[in-house]
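Participant: Starting from the given sequences, assemble the full structure and let the hints guide the process.
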Amino acid sequence: MSRFIPWGERIVGYGLLLFAAFATMAPFLWMVSTSFKADAEVFQFPPSFIPQGLGWQNYLDVIYLPDSGRQLVNSLVFALGSTISNLIFCSLAGYALARMQFRGKTIVFALVVGLLMVPAQSQIVPVFLIVQKIPFAGGNDWLGNGGTGLLNTYWGMILPTAATPFGIFLMRQFFTRIPIEYEESARLDGAKSFTIFWRILLPLARPAMAVLGVLSFQSAWNEFIWPLILTNSRDMATLQIGLQLLQSGPDARWNVVMAMATLITVPIIIVFLFAQRFVIDGAVTSGVKG
Numbered sequence: 001m002s003r004f005i006p007w008g009e010r011i012v013g014y015g016l017l018l019f020a021a022f023a024t025m026a027p028f029l030w031m032v033s034t035s036f037k038a039d040a041e042v043f044q045f046p047p048s049f050i051p052q053g054l055g056w057q058n059y060l061d062v063i064y065l066p067d068s069g070r071q072l073v074n075s076l077v078f079a080l081g082s083t084i085s086n087l088i089f090c091s092l093a094g095y096a097l098a099r100m101q102f103r104g105k106t107i108v109f110a111l112v113v114g115l116l117m118v119p120a121q122s123q124i125v126p127v128f129l130i131v132q133k134i135p136f137a138g139g140n141d142w143l144g145n146g147g148t149g150l151l152n153t154y155w156g157m158i159l160p161t162a163a164t165p166f167g168i169f170l171m172r173q174f175f176t177r178i179p180i181e182y183e184e185s186a187r188l189d190g191a192k193s194f195t196i197f198w199r200i201l202l203p204l205a206r207p208a209m210a211v212l213g214v215l216s217f218q219s220a221w222n223e224f225i226w227p228l229i230l231t232n233s234r235d236m237a238t239l240q241i242g243l244q245l246l247q248s249g250p251d252a253r254w255n256v257v258m259a260m261a262t263l264i265t266v267p268i269i270i271v272f273l274f275a276q277r278f279v280i281d282g283a284v285t286s287g288v289k290g
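Under the working numbering, residues 1 to 290 are what the sequence shown spells out, in order.
Each pair of labels, with its calculated beta carbon distance range: (1) Val108 with Met25: 38 to 46 Å; (2) Thr24 with Phe274: 17 to 25 Å; (3) Pro179 with Leu92: 17 to 25 Å; (4) Tyr14 with Thr106: 42 to 50 Å; (5) Leu129 with Tyr14: 51 to 59 Å; (6) Asp251 with Leu92: 46 to 54 Å; (7) Arg10 with Gln52: 36 to 44 Å; (8) Trp142 with Pro27: 47 to 55 Å; (9) Ile50 with Thr176: 49 to 57 Å; (10) Pro179 with Asp67: 48 to 56 Å; (11) Asp251 with Arg10: 50 to 58 Å; (12) Leu143 with Trp30: 48 to 56 Å.
Bear in mind the hints are in silico, worked out from the structure with no lab data behind them.
Since the model is a prediction, treat every value here as computed from it, not as a measurement.
A virtual CB, placed ideally from N, CA and C, is assigned to each residue, including glycine.
Facilitator: Below you can see the structure in the form of structure tokens.
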């Protein structure tokens, strides 16, 4: 088979790639464009893609919203707490499933893989009841009755996302690809299991940790349903809930809504740009496809 692709096929291939790229980017570009438009431009017909001017006032309106600062803090606490806990617990569980020998190991791994096929939406009500019935939390007695548990708290948001089946599977797959000779050499020098994990395997797992960190941060940052169900106080609302409140009224200003949506996407873009090299390496070496 020739290594050279005919020019006609190459042009068609590049054309399809450009079309797919545009179709993917078009909603995002339209959101950014609308965020700069004045109120009159939003509903004009025919619509224009390029705004007549840079309406920075829309972004200022978002920044000066009464609850925007509190919502930002809540989103950061939730996203960072979920990310850090996933990195800790998923790496420990992945190491145990990859390297340690114990009874029922195969069954535990099969359960982890099985949980990957369970939709997250089907777990919302059971998890909510568990969070609500935690003993001695939020005024509950030892049976979990009489109070609110961990509702309307950061712990209630973070704990159900502290470890995920995908994170455990990802770290387990990466640890199994690290040569066993590293561990055997360390054991000959007298190293214990945790020392091997902390000083040898974990530094080698930085690409997989980057993948897990980025995906965990993105998932928690974009989460809407769980904080909405768990909290009923405006003081605990995240940016996603704030965005929904901003667009729910009959007098919603869609240019301001798009400005807020644009600002919400900025942290995800920044995190990915800083970690993209590790993300690509981790996705390749872990054998996990997006």
